[in-house]
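Sequence order for the protein chains is A and B.
Mapping to the working numbering: the first sequence position 454 is 454, numbers consecutive.
Mapping to the working numbering: the second sequence position 68 is 539, numbers consecutive.
Take the hints with a grain of salt, since some may be wrong.
No more than 25 angstroms apart at the CA atoms, straight line, and that leaves these computed lysine to aspartate or glutamate pairs for DMTMM-like [said to hold, decoys possible]: (1) B/LYS988 x A/GLU424; (2) A/LYS362 x A/ASP257; (3) B/LYS727 x B/GLU695; (4) A/LYS97 x B/GLU670; (5) A/LYS112 x A/ASP132; (6) B/LYS727 x A/ASP443; (7) B/LYS968 x B/GLU1049; (8) A/LYS97 x B/ASP514; (9) B/LYS781 x B/ASP795; (10) B/LYS553 x A/GLU304; (11) A/LYS388 x A/GLU301; (12) A/LYS97 x B/ASP981; (13) A/LYS112 x A/ASP122; (14) B/LYS553 x B/ASP872; (15) A/LYS425 x A/ASP226; (16) B/LYS988 x B/GLU964; (17) A/LYS362 x A/ASP230; (18) B/LYS968 x B/ASP690; (19) A/LYS348 x A/GLU177; (20) B/LYS988 x A/ASP283; (21) B/LYS988 x A/ASP258; (22) B/LYS548 x B/GLU530; (23) B/LYS988 x A/ASP443; (24) A/LYS425 x B/ASP795; (25) B/LYS727 x A/ASP283; (26) A/LYS388 x A/ASP416; (27) B/LYS727 x B/ASP514; (28) A/LYS97 x B/GLU695; (29) A/LYS425 x A/ASP443; (30) A/LYS300 x B/ASP981; (31) A/LYS407 x A/GLU455; (32) B/LYS553 x A/ASP258.
Rather than coming from a laboratory, the hints here were simulated on the basis of the structure.
Note that the coordinates shown come from a computational prediction; the quantities given were computed from them, not determined experimentally.
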Amino acid sequence: MFCSADRASTNSSRRHFLTQCGGGFGALACAGLLAAEGQSSGSLPRSHVAPRAKQVIYLFMHGGPSHVDLFDPKPTLEQYAGKPLPESFGPVMTRRKVATNPLLGPIKPFRKHGESGIEVSDFLPHIASQVDDLCILRSCHGDSVNHPQSVYQMNTGSILTGRPSLGSWVAYGLGSENRNLPAFVVMLDQGAGIKGGPPAWGSGYLPATYQGTTVRSGATPILHLDRPADVTEHRQRELLDFINQRNREHLALRGGDDSHLAARIEAYELAFRMQTEAPAVMDITQETAATRALYGLDEKETSEFGTRCVLARRMVERGVRFVQLYSGDTVGWDAHENVLTNHTRLCKATDKPVAGLLADLKQRGLLDDTLVIWGGEFGRMPMSEQGKGRDHNPWGYTVWMAGGGVKPGMVYGATDEVGLRAVEKPVHIHDLHATILHLLGFDHTQLTFFHNGREQRLTEVDGHVVTEILA
Amino acid sequence: MKTFRIGVGFLLCGCVIALANLAFATEPANDPALTEPPLSDLDRNYWAYQPVVRPAVPEIAGDTWSRTPIDRFLLAKLHEQKLQPVEPAARLTLLRRVTFGLTGLPPTPAEQRAAEEASDFDAAYTEIVDRLLTSPAHGEHWAQSWLDLARFAETDGFEHDLVRPEAWRYRDWVINAFNSNLPFDQFVKLQLAADEQMEASDPHRIATGYLLAGPDMPDLNSQEERRHIFWNGMASNVGSVFLGLHFECAECHHHKVDPISHHDFYRLRAFFETIDLFPGKPKSEANDPDDKSSDAPKRKLPVERVVWNKTDDTPTSHLWLRGDFRRPGPEVTAQFPRALVHQESLPSFPAAHGRRTALAEWLTHRNHPLTARVMVNRVWQQHFGVGLKSTSSDFGWQGADVSHPELLDWLAAEFMESGWNLRELHRLIVASAVYRLASYPVPAEDGSISAEQQQRWHTLTTSDRTNQWLGRFSRQRLSGEAIRDAILAVSGELNRKSGGPGVLPPLPPDVASTLLKGQWPVTKEAGEHTRRSIYLFARRNLRLPLLEAYDKPDTNLSCSRRNQSTIAPQALHLLNSEFVRTTARNFAQRVTEAELSTDARVQEAYRLALGRPPSPPESAAAESLLMSQDDAPSGWHNLCHALLNLNEFLYVD
Chain A
1 MFCSADRAST
11 NSSRRHFLTQ
21 CGGGFGALAC
31 AGLLAAEGQS
41 SGSLPRSHVA
51 PRAKQVIYLF
61 MHGGPSHVDL
71 FDPKPTLEQY
81 AGKPLPESFG
91 PVMTRRKVAT
101 NPLLGPIKPF
111 RKHGESGIEV
121 SDFLPHIASQ
131 VDDLCILRSC
141 HGDSVNHPQS
151 VYQMNTGSIL
161 TGRPSLGSWV
171 AYGLGSENRN
181 LPAFVVMLDQ
191 GAGIKGGPPA
201 WGSGYLPATY
211 QGTTVRSGAT
221 PILHLDRPAD
231 VTEHRQRELL
241 DFINQRNREH
251 LALRGGDDSH
261 LAARIEAYEL
271 AFRMQTEAPA
281 VMDITQETAA
291 TRALYGLDEK
301 ETSEFGTRCV
311 LARRMVERGV
321 RFVQLYSGDT
331 VGWDAHENVL
341 TNHTRLCKAT
351 DKPVAGLLAD
361 LKQRGLLDDT
371 LVIWGGEFGR
381 MPMSEQGKGR
391 DHNPWGYTVW
401 MAGGGVKPGM
411 VYGATDEVGL
421 RAVEKPVHIH
431 DLHATILHLL
441 GFDHTQLTFF
451 HNGREQRLTE
461 VDGHVVTEIL
471 A
Chain B
472 MKTFRIGVGF
482 LLCGCVIALA
492 NLAFATEPAN
502 DPALTEPPLS
512 DLDRNYWAYQ
522 PVVRPAVPEI
532 AGDTWSRTPI
542 DRFLLAKLHE
552 QKLQPVEPAA
562 RLTLLRRVTF
572 GLTGLPPTPA
582 EQRAAEEASD
592 FDAAYTEIVD
602 RLLTSPAHGE
612 HWAQSWLDLA
622 RFAETDGFEH
632 DLVRPEAWRY
642 RDWVINAFNS
652 NLPFDQFVKL
662 QLAADEQMEA
672 SDPHRIATGY
682 LLAGPDMPDL
692 NSQEERRHIF
702 WNGMASNVGS
712 VFLGLHFECA
722 ECHHHKVDPI
732 SHHDFYRLRA
742 FFETIDLFPG
752 KPKSEANDPD
762 DKSSDAPKRK
772 LPVERVVWNK
782 TDDTPTSHLW
792 LRGDFRRPGP
802 EVTAQFPRAL
812 VHQESLPSFP
822 AAHGRRTALA
832 EWLTHRNHPL
842 TARVMVNRVW
852 QQHFGVGLKS
862 TSSDFGWQGA
872 DVSHPELLDW
882 LAAEFMESGW
892 NLRELHRLIV
902 ASAVYRLASY
912 PVPAEDGSIS
922 AEQQQRWHTL
932 TTSDRTNQWL
942 GRFSRQRLSG
952 EAIRDAILAV
962 SGELNRKSGG
972 PGVLPPLPPD
982 VASTLLKGQW
992 PVTKEAGEHT
1002 RRSIYLFARR
1012 NLRLPLLEAY
1022 DKPDTNLSCS
1032 RRNQSTIAPQ
1042 ALHLLNSEFV
1052 RTTARNFAQR
1062 VTEAELSTDA
1072 RVQEAYRLAL
1082 GRPPSPPESA
1092 AAESLLMSQD
1102 DAPSGWHNLC
1112 HALLNLNEFL
1122 YVD
């Protein structure tokens, strides 16, 4: 448990009010009322198991980083480079019919690092220096060779669109520690949207309050946070006072007993406060030179992702539950043509900021209750594509986690000799989700929401907690 | 739930379609999914599976309150609960309620004055209802709730979210169907099978766009899987929209509670497997015997989004084990769900052409137990906020209890016997005394509330907090669409043009940047940007932020009733967005155009925004706000902006 000034300043009556209320970002309608009136709402869940993490920073490497070139060393792949995949591997479903293409050896050498001696590729020297904090799951797998389906599955458990995302479930389960900020924040690459778009952070059938809020670095992090240009703060305060007064009269005339109307009055005050609070979170001018250097803020290649990593830390410090950073624009890590050029650029952009984030969280004592997750929607094939590229591989790939109750300096599971399929202790996306929820204090079978005639959950009808990685 | 699979770890299915790439182990012959559980008497006798029998209207001694048979059902229940209904709503309150309720738009000041001045308000109200029901705005408003159910959008969804250039024609067809008061049985038949009933040139064929309204993954590697998922979505949607039953669960296993088996699901789906789904070319070219390109992922030319049947042999249908497209189970043939069929010998269906017509005929038969009940309940829900059965797409065991079962059946019988006349159903409902009740104690002329009135309200609100017995009217928040349309109507900017391709208004740059490049080409003509929300381009992967904040549902799932959340970003939209700030300025200009006194202008502003004149203290407060601002234009601008932010603007009493 840590305590920031923001949390300490929360007065008790406000806290009392908020504990009566369900929801995430600025949600004010009382939970009981929602349960009574909403067709598809349930009572708010509580923790089921002792939580190990209180918040999550999810570093989503959009496009699919190559596990065999980053975290999953495959000497056999090097040995068989240029040869076709042995027939013993059987037929392989691929996106771009690369099954019979020659194998492509690891692009860069792997080296042992840290006390754990875990091997990491030379692509990622900074993250390698933190390897003793990582818990590397080398046997993850999902169900689709396509981008959007896999982006959706990694985020929502389902390859179909329209289901609540992991961040929404966490916001629904844990609520927000800071009602002036969203519980679930998404920071996209500045380039362009991801494959699959906004449904990846949507709340599906959960109420809108739990959906991810896209936040941008800069002065206007949240949509419509800025006052209109012709309205001063003073004038807006007058306007709000007028609105509040009329709303109170309106409520009084209606017997004073309508929590929706009351909640909406509160929402205006909250909106007003957010206009001050949210830009303050985004103001990184107060960060020290050492911090700036740690995240690579002053270097051209790393400043953009580094800035978002600093912001992620500032947000979890202030009680944001779930921060998801996307590395990579619409194409991202999707290295069909050339893994070397694609991954050189993206590793350069993210390696130092990610390592800096881990180090910074650790030195501030935040890593213990912050779960950091790194991974894409899938990995990449051992076979080559167009000579030096690789196709999508959902059948076996790496996701790593750090902090928040996972064992540090550990490797879990394995892919086959060439990195094609997860063969040893496979971790399906449902298992990954079950484990993440467990770390946050939830039994994934109990964190449910009644919709369309059944109790729906993130892990659908499956999912097992990977207990071996729990610290 | 997990099955061991050779070579790799686990099969990861349930309701997820597993896509792993190795062969599966042989399916155990004793898979419980293959044994269809028998129907119990309890299942067969479940009330919602019995044909609708028109109940007698209760006789209530000394009843002077009731205006329609609806009221006598309601009053009987209230009396059972030892409750009395409250007083009727004030004229202007009712005018605003019924105008938003039937058209999604606010009443104009002229309409308000006419209602106030009417010597015989009951007669005037009847005329108002007629005017609203025959206004083009009626269909524009009611179409949205149907489109919510159908999962309508004008793009595919998923990665490319490709545009469906002709999809808007189905939206217009729904609007026109409501506006022309197309009988609901026809409405059902045309959406399910217009192609089997109509000439190829008949415009009603557009109705089958319903079947194609859901999300699609055209670029999926396996077109077989693509069809499988699409057909499953179609069957689930028909199950929940028309039957009010959750078929979706039975995609992967027998329904855990309702008597809907895994087999029932795929038998229902078989009605639709005659459809030539995702043909490579338009029908005119599809008969070419040499054309083997039916797996082509994209159509090159914009073609009408209508369905037609395959011309080849009878398609065979299968049960798909655990919903997995690579695991065909036993063959099944098209059949109605067992629990809903009461004869010994089951009907058989045409090989291909006519199968969907048979399904539609069955759904709209006078003895069908669900279609009419489900639809009248949806209409009731739209008017009262909650249906007589609050789970309006779940009439199964897990759904909520019906608050007024006899009334539901009476309405269903009345609806069918009126020739499935939706306009008459609306008229009947809004004419009722219960629809006209107050939502809060209405003060007398002198502002007082009598002790008896107070007591009645107190009893009602304490003993029936959720208002299930409808002794008063439940306040409702406007939908996102109605909020946007009302803002534009109040400012005088609403463009009432009807029909045509979806309009793309400017998006805030922060939102546009979350899309792929070129996915939101703003409509050039600015006058189009102020059209009603129903005409805005429906991109599956992006809802307009204002509408999304006010709970516009994701079009990937069928939505039978919208959430009503209250969140701070809603306030940010109305306070800070350029859209609202600009419309507020136009609203102010509209109010200050005429040479009127300040007081008269304030009156006009209140009438436009809130559907009533201000009280004297409200006028005084408004004038004092005007005085405190820098100059008159900014004063009016801020006052009008404030009115658009009031709870009273967003809620209908």
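Output the indices of the hints that this structure fails to meet, ascending.
1, 2, 3, 4, 8, 10, 12, 15, 16, 17, 18, 19, 20, 21, 23, 25 and 31
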